[in-house]
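Residue numbers (my numbering), protein chains in the order written: chain Z, 1 to 237; chain V, 1 to 298; chain P, 1 to 590.
If you're looking for bench data, these hints aren't it; they were derived computationally from the structure. Glycine is no exception: its CB is placed at the ideal position from the N, C-alpha and C atoms. Among the clues, some could well be false.
Straight-line distance between alpha carbons at most 35 Å, and here's what the computed DSBU-like set of lysine-lysine pairs gives [as the list claims (entries may be wrong)]:
1. V:291 x Z:89
2. V:268 x V:116
3. Z:153 x Z:89
4. V:122 x Z:89
5. P:153 x Z:89
6. Z:181 x Z:89
7. Z:126 x V:268
8. V:291 x P:441
9. V:268 x V:122
10. V:122 x P:249
11. Z:126 x Z:181
12. Z:153 x Z:181
What the simulated footprint calls covered on chain P by chain Z, stretch by stretch (three residues with Cβ under 8 Å from a Cβ of chain Z suffice, anywhere in the stretch; the number is not a length) [claimed, not checked]:
13. 129-140
14. 478-492
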Amino acid sequence: MLEVDQLTTRYGAITALHGVTINVNAGEVVALVGPNGAGKTTLLNTVAGLLRPADGTVRFNGADITGAEPADLVRAGLALVPEHRRIFKDLTVEENLRLGGSTLRLHQRVSRVHEMADLFPVLRAKWSTSAGFLSGGEAQQLAVARALMCDPKLLLLDEPTLGLAPTLVDVVFDLLDRLRKEGRTLLVVEQNATRALQLADRGYILRTGHLVAEGSGADLAADQGLFESFIGGADGA
Amino acid sequence: MTKLIQTIVDGLGVGSTYALLALGISLIFGVMHLVNFAHGELITVGAYTSYFFFLHGGSWWWMPVAILASAALASVLTELVAFRWVRNASPFTLLLTSFALERLSHALWQIFISSKQRTFRKPKWVFNQFELLGIKFEVMDLVTIGVTAATMVVTAIVFKRTLFGVAVRGAAEDFDAARLMGVRANRVISGAFAFAGLLAGVAACLILMRTPSAEPTLGSDWLLKAVIAAVIGGLGSFTGAVMGGLVLGLLETLTRAYLPDVATGWDKFAPAAVYILIAAFFVIRPDGIFKVSHAERV
Amino acid sequence: MGAIGQRLGRSTIASAALLAVVWALTTAYTQTGGSSRVLLISEMLSNFILVLGMQVFIGNTGVLSFGHMAFAQIGAYATAIVAIPVAAKAKSLPDIPFGLADTHMGPVAATIFAVAVTMVIGAIFGIAVCRAGGLAPTMITLAALFVVDQVVKNWGELTRGAGGLTGIPIIRGNGWLWVGALVALVVAHQFQETRIGRFSIATREDELAAPALGIRLFSSRYAAWVVSMGLMALGGSLRAQSLGNVNPKQFTLDAGILILVMMVVGGMRTVSGAVLGTVIITAGNELFRQLGDPQRWDIERFPDLFLGATMLAVMILRPGGLLGDRDLAGWLRRTMYRRRMHEPVEPNPGSDTLHAKSIIVHFGGFTALDGASLSVRPGEVVGLIGPNGAGKTTLFNVITGLVDETDGTVMLGATDLTTAPPVLVARAGLARTFQNLRLFKNLSVRDNVALTSAVAARHRSHRLRPDVDDLLESAGLLEFADRAAGTLDYGNQRRLELARAVALAPEFLLLDEPTSGMSDTESLAMVESVRAMAAKVGAGVLVIDHDLGFITRISDHIVVLAEGQVLAEGTPDEVRANPAVAAAYLGSQA
Numbered sequence: 001m002l003e004v005d006q007l008t009t010r011y012g013a014i015t016a017l018h019g020v021t022i023n024v025n026a027g028e029v030v031a032l033v034g035p036n037g038a039g040k041t042t043l044l045n046t047v048a049g050l051l052r053p054a055d056g057t058v059r060f061n062g063a064d065i066t067g068a069e070p071a072d073l074v075r076a077g078l079a080l081v082p083e084h085r086r087i088f089k090d091l092t093v094e095e096n097l098r099l100g101g102s103t104l105r106l107h108q109r110v111s112r113v114h115e116m117a118d119l120f121p122v123l124r125a126k127w128s129t130s131a132g133f134l135s136g137g138e139a140q141q142l143a144v145a146r147a148l149m150c151d152p153k154l155l156l157l158d159e160p161t162l163g164l165a166p167t168l169v170d171v172v173f174d175l176l177d178r179l180r181k182e183g184r185t186l187l188v189v190e191q192n193a194t195r196a197l198q199l200a201d202r203g204y205i206l207r208t209g210h211l212v213a214e215g216s217g218a219d220l221a222a223d224q225g226l227f228e229s230f231i232g233g234a235d236g237a
Numbered sequence: 001m002t003k004l005i006q007t008i009v010d011g012l013g014v015g016s017t018y019a020l021l022a023l024g025i026s027l028i029f030g031v032m033h034l035v036n037f038a039h040g041e042l043i044t045v046g047a048y049t050s051y052f053f054f055l056h057g058g059s060w061w062w063m064p065v066a067i068l069a070s071a072a073l074a075s076v077l078t079e080l081v082a083f084r085w086v087r088n089a090s091p092f093t094l095l096l097t098s099f100a101l102e103r104l105s106h107a108l109w110q111i112f113i114s115s116k117q118r119t120f121r122k123p124k125w126v127f128n129q130f131e132l133l134g135i136k137f138e139v140m141d142l143v144t145i146g147v148t149a150a151t152m153v154v155t156a157i158v159f160k161r162t163l164f165g166v167a168v169r170g171a172a173e174d175f176d177a178a179r180l181m182g183v184r185a186n187r188v189i190s191g192a193f194a195f196a197g198l199l200a201g202v203a204a205c206l207i208l209m210r211t212p213s214a215e216p217t218l219g220s221d222w223l224l225k226a227v228i229a230a231v232i233g234g235l236g237s238f239t240g241a242v243m244g245g246l247v248l249g250l251l252e253t254l255t256r257a258y259l260p261d262v263a264t265g266w267d268k269f270a271p272a273a274v275y276i277l278i279a280a281f282f283v284i285r286p287d288g289i290f291k292v293s294h295a296e297r298v
Numbered sequence: 001m002g003a004i005g006q007r008l009g010r011s012t013i014a015s016a017a018l019l020a021v022v023w024a025l026t027t028a029y030t031q032t033g034g035s036s037r038v039l040l041i042s043e044m045l046s047n048f049i050l051v052l053g054m055q056v057f058i059g060n061t062g063v064l065s066f067g068h069m070a071f072a073q074i075g076a077y078a079t080a081i082v083a084i085p086v087a088a089k090a091k092s093l094p095d096i097p098f099g100l101a102d103t104h105m106g107p108v109a110a111t112i113f114a115v116a117v118t119m120v121i122g123a124i125f126g127i128a129v130c131r132a133g134g135l136a137p138t139m140i141t142l143a144a145l146f147v148v149d150q151v152v153k154n155w156g157e158l159t160r161g162a163g164g165l166t167g168i169p170i171i172r173g174n175g176w177l178w179v180g181a182l183v184a185l186v187v188a189h190q191f192q193e194t195r196i197g198r199f200s201i202a203t204r205e206d207e208l209a210a211p212a213l214g215i216r217l218f219s220s221r222y223a224a225w226v227v228s229m230g231l232m233a234l235g236g237s238l239r240a241q242s243l244g245n246v247n248p249k250q251f252t253l254d255a256g257i258l259i260l261v262m263m264v265v266g267g268m269r270t271v272s273g274a275v276l277g278t279v280i281i282t283a284g285n286e287l288f289r290q291l292g293d294p295q296r297w298d299i300e301r302f303p304d305l306f307l308g309a310t311m312l313a314v315m316i317l318r319p320g321g322l323l324g325d326r327d328l329a330g331w332l333r334r335t336m337y338r339r340r341m342h343e344p345v346e347p348n349p350g351s352d353t354l355h356a357k358s359i360i361v362h363f364g365g366f367t368a369l370d371g372a373s374l375s376v377r378p379g380e381v382v383g384l385i386g387p388n389g390a391g392k393t394t395l396f397n398v399i400t401g402l403v404d405e406t407d408g409t410v411m412l413g414a415t416d417l418t419t420a421p422p423v424l425v426a427r428a429g430l431a432r433t434f435q436n437l438r439l440f441k442n443l444s445v446r447d448n449v450a451l452t453s454a455v456a457a458r459h460r461s462h463r464l465r466p467d468v469d470d471l472l473e474s475a476g477l478l479e480f481a482d483r484a485a486g487t488l489d490y491g492n493q494r495r496l497e498l499a500r501a502v503a504l505a506p507e508f509l510l511l512d513e514p515t516s517g518m519s520d521t522e523s524l525a526m527v528e529s530v531r532a533m534a535a536k537v538g539a540g541v542l543v544i545d546h547d548l549g550f551i552t553r554i555s556d557h558i559v560v561l562a563e564g565q566v567l568a569e570g571t572p573d574e575v576r577a578n579p580a581v582a583a584a585y586l587g588s589q590a
């Protein structure tokens, strides 16, 4: 479904991604883990069209989408829940959802907003509240709900549990599990590497902009050397 | 008491025109961090449009439509020919770009029309007076306040209820997040310029009904006041822009009316006093009444 | 004294050279035409001084001002009021206050008087302008323009209102204007060479990094403001004395914009740019005026079109102006630069310990730090690690004064830094780098380091100050010393930021992810760099990094932060072996 081939992305003088190749098949959950500064967020942002790659290609359902506008990608069925959630704090919960469905026709949008309210009862309770007043867990649910508005085939999630209390981490993982059971394809960047890999069908480990390991999620999670490959070994790698 | 009420009505009249302009400036600042010094030129565009139509048998019945349309069109055009090319530049560059446009606009009117004032008809009823509770009002006062209020309501509805309005507000807060929702950057910015143009068009109608004349530098004085109003309110804040406009209008008329009573012989410094108050305000609250924060990560 | 003499000499050479070129051009021009050409040159010369006046403030601080013309106006009126002969004044200004009726000064005294008066009035406005951040200063200057305009128009006793004053004794010839221009050039050049001038440039380049290196925003901006006031007054005064009259129409916002355009088109960051802009705009204006003449193409106000179009084109194509950062004075400084050799001296290590105790920070409802404590002993290297969002950078920001803690204390030895703003924290001896690099991008590599070295000379004189070139050499940057910092590759930019922090001769270096974006081999090399650089000034190090390989090698002691609290600490080996640390990084099992 998603094929990323030899992707290189730079910020000015910094090369954040060095020719990374990954793929995600339809119906799969793929985890992307690694320490800070590994290039995970850069990878997702490049795929979603927020950043332009310096080199390499991205294909989605067979079509070349390298450097495409996010607006076109959303219409093609690819949505990103960005790092730090980035919900619109000045807008109400309902307005956030409406904006999430900006590519839909009016009647579709209205009915989809109501579906989201059913799916996420927490949000319904805060319907007309400014999103800035939501708690961390509520905000994360809103961010996911907002991305689901356009009914994406592939959902990219960047650090969905960042800054959440442990009980809320469970809520988010339950949500991911639910999405997976619905048959959505997910590419998840997660700091909670162990749990993410346990949930995922497959995983990739990224470090300093390079791919350092890939395999089935369970294998990677069980690997005793995971921590070392993750964080840069004592012998410096 | 009568004097006070009349002064306040005057102040609200001027202030609401400032508010309409300030709203447009604040809106554009919100989406692209541009303090648009070319915004006042939209009034000039409206003025010359009216002048042109009156030469060819215009009527005030439909003139507002022409003014609104021309102002909105001109606003979108400025984005297309100039601001689009400096979209990610520093606020300093953006501001100077708008200044360059303002200069160009002056020059073009002077070259293609004339630097002299061109006048046309005003609606007959504008300065008709009527009495309410023993106080004399001009019809135009009422029209100004009424039209502004109606425009504010429409603006509020657009930004609260329509997808376009929600998209603009979202983009003002976090442009990239809005793009991730499928909002097209070009479209939302063009739309914001068009809307700001419409607001300037409404302001232009109110200004032109009172003083039906066109000259190249017509927009500049209004613009400066409107920028000050927008910054007083807090750039990027819609409520702030309206408040800023009204506060500035009231401040001007109140000082002009009452400073002579308070300090005899100093009345000639009333306009200077307003600006000293404004300067003092910015020293105390550099971010305006409503601070709009855009977090920067260190 | 030698250095000061050298600077002054350099400024004078650069000024004289620039002026000689302008003089050659204008002489060629006036020789071939009538007396109207001489008038054009006098106008250009007074504009020249005004452009330099604006450049000193706007160009160096990056703060836009619309109000500068108001102060040229004050200068012009002050000149007129004291220069107009007593008899003439009795007629035009019969009710003149302050006993000015009997005052009469010659041209030189009047000019000096005008400059002094303007600088005093300007200094008062300047306090308001330089205090605020964001757009407020620009708005205050705009308000100042209107205030002065209104006062001039309405204070008839002193100014004769909107009609203006005539009868100012005219100085014949352009000689005085050339002298004035030379003075303005030397002042503008010299300001960029002084410590405070360079500080103001640093604040333009990065409003956040400058205070973090001990540079105070207000004082450097204020100095630029007051100096620029003097030049504006000089320009206004000489203009009044070359025209023989003053009136408010000469000092409108529009007139100010013309000056602003001259400055911006050539390149406001340098004096050479301001000069080039003045010449180009004056010449272009005149050309278009002649083309628009009724006998030619008959286009009214043709020059306005030229102005608008030129400015728009420059903004879109070259926002830094035609010259950007190219500058005759800068070139001279580079070519005349001689490295002074110093005997290597043993550094004197600091003796104070850095303590952050029980720091609590709430952002809205979110608790970023929840009672974290750490200490760094003199000369020690402490690594601060933890998963994303653990609060590492927040802790840095608390220590360096960028973020106010809800509770807790920060102490450096016996000095309480808990509530100190960044600039005082830096001067106390904590120098930091930033996660996303905050170099002074348009300045040369050497200037980046020299700036903090200048702060150290002033505020950290008790410490041994490292030599700038020696630091650059150790950082492997000496060969790039004259390049703009923004043009370096990423690794070198990181090394430069480190060298810049070291130049402060700090007690402690605080490094926020010095290896982020680097490859493993580069990170490894950074271990030696950091240790060597810190040793040069005997500084301790507190370093955040996500690369455990790097942290293990460099640190004497490691503190692990998770969810705003200290999860573990100890030697690198102890921390590595701690299962809780691995769990914090990898997350708990489901």
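Q.
Can you confirm whether the C-alpha distance between residue 291 of chain V and residue 89 of chain Z stays at or below 35 Å?
A. Given that 35 Å is the threshold and the Cα spacing comes to 15 Å, the pair holds.
Q: Below or equal to 35 Å on CA atoms is what counts here, so check residue 153 of chain Z against residue 181 of chain Z.
A: Cα-Cα ~13 Å, so holds.
Q.
With the threshold set at 35 Å, check whether the alpha-carbon distance from residue 291 of chain V to residue 441 of chain P stays at or below it.
A. At roughly 29 Å apart (the allowed maximum being 35 Å), residue 441 of chain P and residue 291 of chain V satisfy the hint.
Q. Between residue 268 of chain V and residue 122 of chain V, is the straight-line Cα distance small enough, at 35 Å or below?
A. holds (31 Å)
Q | residue 126 of chain Z paired with residue 268 of chain V [C-alpha distance capped at 35 Å] | A | Given pair residue 126 of chain Z, residue 268 of chain V is violated - Cα atoms ~55 Å apart, limit 35 Å.
Q: State whether the coverage of the stretch 478-492 of chain P by chain Z holds or is violated, taking the criterion as 3 or more residues with Cβ-Cβ distances under 8 Å.
A: holds (count 3)
Q: For the pair we were handed, residue 153 of chain P and residue 89 of chain Z, check the Cα-Cα distance against 35 Å.
A: Violated, because 48 Å separates the two Cα atoms, which is more than 35 Å.
Q | Pairwise hint evaluation, residue 89 of chain Z against residue 153 of chain Z, where the allowed Cα distance is 35 Å at most | A | Distance of about 26 Å is within 35 Å: holds.
Q: With a cut-off of 35 Å on the C-alpha distance, tell me whether residue 268 of chain V and residue 116 of chain V pass.
A: holds (29 Å)
Q: Decide if the proposed pair is consistent with the structure: residue 122 of chain V and residue 89 of chain Z, CA atoms, cutoff 35 Å inclusive.
A: violated (46 Å)
Q: Below or equal to 35 Å on CA atoms is what counts here, so check residue 181 of chain Z against residue 89 of chain Z.
A: Holds - the C-alpha atoms of residue 89 of chain Z and residue 181 of chain Z are around 30 Å apart, at most 35 Å.
Q.
Need the status of pair residue 122 of chain V, residue 249 of chain P: alpha-carbon distance at most 35 Å?
A. holds (31 Å)
Violated hints, listed in ascending order, are 4, 5, 7 and 13; each of the other numbered hints is respected by the structure.
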